[in-house]
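Asks: This is what each chain is made of:
There are 4 protein chains.
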Amino acid sequence: MLRIGMLTSGGDCQALNAAMRGVFKTVENNTNEPVEFYGFEDGYKGLIYSKFRILKDEDFTNILTIGGTILGTSRVPFKTIREPDEDGVDKVAAMKQTYYKLQLDCLVMLGGNGSHKTANLLAEEGLNVITLPKTIDNDLWGTDMTFGFQSAVDIATRCIDEIHTTASSHGRVFIVEVMGHKVGWLPLNAGIAGGADIILIPEIPYDIKKIIDVIEERDKAGKRFSIIAVAEGAISKEDAKLSKKEYKKKLAKHEYPSVSYEIAEKIQEATGKEVRVTVPGHTQRGGMPCPYDRVFASRLGAEAGRLILKKEYGFMVGYKNREMVKVPLSEVAGKLKTIDPKAGIIKQAKMLGICFGD
Amino acid sequence: MLRIGMLTSGGDCQALNAAMRGVFKTVENNTNEPVEFYGFEDGYKGLIYSKFRILKDEDFTNILTIGGTILGTSRVPFKTIREPDEDGVDKVAAMKQTYYKLQLDCLVMLGGNGSHKTANLLAEEGLNVITLPKTIDNDLWGTDMTFGFQSAVDIATRCIDEIHTTASSHGRVFIVEVMGHKVGWLPLNAGIAGGADIILIPEIPYDIKKIIDVIEERDKAGKRFSIIAVAEGAISKEDAKLSKKEYKKKLAKHEYPSVSYEIAEKIQEATGKEVRVTVPGHTQRGGMPCPYDRVFASRLGAEAGRLILKKEYGFMVGYKNREMVKVPLSEVAGKLKTIDPKAGIIKQAKMLGICFGD
Amino acid sequence: MLRIGMLTSGGDCQALNAAMRGVFKTVENNTNEPVEFYGFEDGYKGLIYSKFRILKDEDFTNILTIGGTILGTSRVPFKTIREPDEDGVDKVAAMKQTYYKLQLDCLVMLGGNGSHKTANLLAEEGLNVITLPKTIDNDLWGTDMTFGFQSAVDIATRCIDEIHTTASSHGRVFIVEVMGHKVGWLPLNAGIAGGADIILIPEIPYDIKKIIDVIEERDKAGKRFSIIAVAEGAISKEDAKLSKKEYKKKLAKHEYPSVSYEIAEKIQEATGKEVRVTVPGHTQRGGMPCPYDRVFASRLGAEAGRLILKKEYGFMVGYKNREMVKVPLSEVAGKLKTIDPKAGIIKQAKMLGICFGD
Amino acid sequence: MLRIGMLTSGGDCQALNAAMRGVFKTVENNTNEPVEFYGFEDGYKGLIYSKFRILKDEDFTNILTIGGTILGTSRVPFKTIREPDEDGVDKVAAMKQTYYKLQLDCLVMLGGNGSHKTANLLAEEGLNVITLPKTIDNDLWGTDMTFGFQSAVDIATRCIDEIHTTASSHGRVFIVEVMGHKVGWLPLNAGIAGGADIILIPEIPYDIKKIIDVIEERDKAGKRFSIIAVAEGAISKEDAKLSKKEYKKKLAKHEYPSVSYEIAEKIQEATGKEVRVTVPGHTQRGGMPCPYDRVFASRLGAEAGRLILKKEYGFMVGYKNREMVKVPLSEVAGKLKTIDPKAGIIKQAKMLGICFGD
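Order-wise, the sequence lines are chains A, B, C and D. According to the numbering used here, the first sequence is numbered sequentially starting from 6. According to the numbering used here, the second sequence is numbered sequentially starting from 6. According to the numbering used here, the third sequence is numbered sequentially starting from 6. According to the numbering used here, the fourth sequence is numbered sequentially starting from 6.
So that you can see chain A by itself, here it is in the shape it has in the complex (with noise of 0.2 Å):
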């Protein structure tokens, strides 16, 4: 009897159900031994809680293009994890019995950054620990890519498209607010996709005469509207020498919802234009997941399963040059994917004339 526990953890995304198809159809159709599927709720929590059901076939059937994930997911931030919780339990200790007492072979694991940084943790404390890289950021270490970030792009650059017409229609200034908040990944490529004239991302700062500059000149060339994709931690080239604690003190007694309506502000003082501010926020991780998003996670999902079956443990797919590769996850965790200023994709945007405020 092959005992296999899964949960998905963090913010959700496109493709997590697609995943954990392509798991248990791997193992259940190449092994002959019985299999039993326990899926954790709501992610670490139902490892903490020991909140579960069994996972049958189907429960697998029609997921392959259903959005969100079956089995719930939660933010249980890492730094609290060697915390008692309110009532006095001993999280991690909870996690390691809930895992020993179903007597389970193997963990699968679906998560970001810090989900990573939790089960590396339960890695080292013993476990048998298998992850996928689930994040619409692509910032994981270690992977060239990870589910949910192609939808992502899909919605946020279709959200750009829309803005397109109206900003064009009304000769407007239009911010369109990207998920992002330590790197840019998401808001570079919709940019790009959608045809931003400028896009502000966390890996370069920002210099807001730069921006007023090109919104200018693009005024004079007779075009009048103008598309900036901001992610959501865009910063000022002040802001970046600011520490991390004055940064966040400055943060803290914003009078803006976020920085697109600090930059909007600016760019209606200097230029007179009328800017808009569009925030498609919790959309971006929602919906069906697009074709790539459904092969590359079906494909993890199946890599994932031929490891179980090897009992080779301790691992996220990831996936390299084309090929699906197995990471320690001691390399994955507590390390970010960030974009190089001077990367191929960063030159290439620049020389098709886009302003990164730099």
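Honestly, the hints are just simulated from the structure, not real lab data. Mixed in with the good hints there might be a few duds.
Each pair may be met inside one copy or between any two copies, as identical chains are not told apart.
What the hints assert, rightly or not - In silico DSSO-like pairs for lysine-lysine, Cα to Cα no more than 27 Å straight-line:
id	residue 1	residue 2
1	K106	K228
2	K325	K61
3	K347	K316
4	K325	K347
Model, not experiment: these values are computed from the prediction.
Knowing the structure of chain A, use the given hints to seat chains B, C and D on it.
Replies: Leaving out everything else, chains B, C and D in the frame of chain A:
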């Protein structure tokens, strides 16, 4: 020689180009007289300041499926139309002068509520005016439907669809704020289409307790998430008792970006559940018109062309009981088509279990 | 105890699940009586052979946006309904037996033309029947609209959109064959929405010379490609003169897979232009229902639920002048809602310059 | 003065305009030299017969999201390129003459396999040539990816999605014929993304018995429908043993419109199940490019622009290990990038339970 002026006015929406293409093609194809089309730029501003360009066959090629308006648009509030502009220009006189100077036979105006008041004024001043009902709000009096509406429903619904999967994954309450300041057709239809549990529209003031009750009942029934479609102009029962002036005053000193955030806060306080707000905003006006709107706008344009060729002026082309009709401009101007709280669609929505907070 | 049977019959379409969800929710939410829902499998077959399952709340969760039918469907031709099956089973008697054995209060049938004949027969035989107008063809008598239609228009239009770019790149003539054997609502609307130059529908027999003329005129005017939307049941003027029997005979010895290929060959011969045929086929019945259909089907379902609770049987729920109406089954059965060649929409399409081959 | 010629050749696909916009913008933005762009009409024909137009900034406005090619395209088979045309024109000499007469510095060619042979020939003849890898088939040697491919995957997948709901409603076997005569990347990816049960590609000859077995096993397991993604060039094991000549002969006297219909007939005979064939056909080349392709084509265009400015000629811009690379034309021409039946993606698909008929 037939000389036709055309302008698009107010907030843009989908299928403006489809409608103008319909007018142009119909006139071109159905008369032997030479025709000249003048496209005024940026709405009534183009007419006031005599900014226009001659429109040719190639201007209307491949625009059936393109959102926005090839002419640009702007809002020139009706209540300021009789006031001189900042340079002392008499706007009404200027519009008439442009019209007569170009020896126009007719002016075609595509616009919403406010724009129809100005169109009616121009008709009263003796100009030949034909209008088409453009608005995502579907609130124009005298027509069952306006173009732009169904495309906006599609976008707002897709937004709710995407939120659905993420709301369900996290067990959260999600508010999607849908356009509609004074009328609720758009949030009502998007809400039903997206499977919203609660829909709040301006025509039915809400009681926050009713909303909280529904969320808590759903919670007890094991349905861990709730979706609320909120019109921009949703209003509580208490606020509905205020005079317009008092309510505006109250809104002015509001600390919330919009009504949705106030509702969110109240729900979060009362239920302890995570509540998130999503505002698709201007995306609802943009992008490719849906097939329904393309057919509808093309038909409206064709009918406008027919009226022009028959020299029947002073009408908005409307749609009643599945037929094109002509509605005197004086009947359209200044009226709003709101939702009767006792209408069939509201009754049916309530039978389906949707809460309107009343 | 209220016992309700439900079945979906004939070719499937979008929003069948949305409509059934509407019936279920409305009945469940609006009576204190206990209710039992029986879902018959694969249309009338389920009723004949007593194959069904009890439907619960969870069966209707998350199906608003899912295409197809959770009950399955099949075609049981009306003309064979009075004949015994291959095992000698009397179908009508068997259906009645199932109905009475389960002590049903009512049977809800979602179907198109043929299926309504059987529904009417069952009503005449004394069963309590309520029906909903399901078909992508929009050809049901007694209602302005059927659900499934608008979703099919969206798919067929998207197909024409996609063909448009490739037709324009290659300077080819493209035929898109749209569903519609006897009536042309679907090809007519998709054709207008997709910007087709020529639309051929069963109600307006075509003259191939007229079609060739249009293509050649376009060519002379520098428009190097043409798009033709052809109904499956498009018919030439000569063939329209044949008796039904003669025409069937002719079709039977046809060397073409469908009428589009015959038209393609004739155009290619006459103009020397490359002609390509695209047949979206069954995709027109599938996929996620569009927001319009979700609202419409939900409302129809709610109204059916209301009628059930009021014990008003023997009706199809229809839609007339934007209101839900009840139409006696005897009036619906056996009639077809075809396009009047003199209807407003045809006139408008012609004014726009669209050729119907007449 | 920099003079650049540009043409698009072969079957069109999505993102051709995005790629050309990328070249144009990059060159315009990154040199102080005056630049003149010549757009040849309808592929190599424009070069042969000196049909071109000067391309300006406005030609590249708003085309990022538009399918097709603003230049038009055609197929001029490589094997006829050295033969004179029907008027005795020496094609190669004519192309060189046009090139030299216009004093071009470089020719940019966007094309697929065949077109690259001609491009290589022109390079060998001394012209400065830069190419971009365009094809929905993703079969160009020397690059991990071609533009157009991902958009085509999206369309073919959406087709399978739509078929899925109708197949499931009716309990039928559905064959979706996906483009791909010699290579299977497109059907493979669309098949996995759409949840196909069986995928048949040219690289893996099929045994019809294996296919029938899978369908019957699914039937026994209560899964009443099956979806088969079939490449246009799918081939049975027996036929794969024939020589090319023999196979062509066999196809020529075929009574089936395509291989899918033959497979359908065999399945229907063996299983007694209803089998339906859907052929999305040319829709797979059309419509709006997906965000992935827009980014990718823009980047390829930017890199081509960079090479032009550096006067590095004789290369196709390719994509290897997530970086832009330059591939000598002589290496690209005449080679095909097929799927290795032992590739990771095939193994993973098989572990997921997908049958390839081998």
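Asks: Evaluate each hint against the coordinates.
Replies: Evaluation of the provided hints:
For the identical chains of this complex, K106 and K228 are neighbours neither inside a copy (66 Å) nor across copies (29 Å), given an alpha-carbon limit of 27 Å. In the homo-oligomer, the alpha carbons of K325 and K61 never lie at most 27 Å apart, since the shortest distance is 32 Å inside one protomer and 41 Å across protomers. Taking CA atoms no more than 27 Å apart as the test, K347 paired with K316 passes between copies only; the shortest distance there is 23 Å, against 40 Å inside one copy. For the homomeric pair K325 and K347, the shortest alpha-carbon distances inside one copy (20 Å) and between copies (18 Å) are both at most 27 Å.
Violation of the numbered hints given earlier is confined to hints 1 and 2; the remaining hints are satisfied by the structure.
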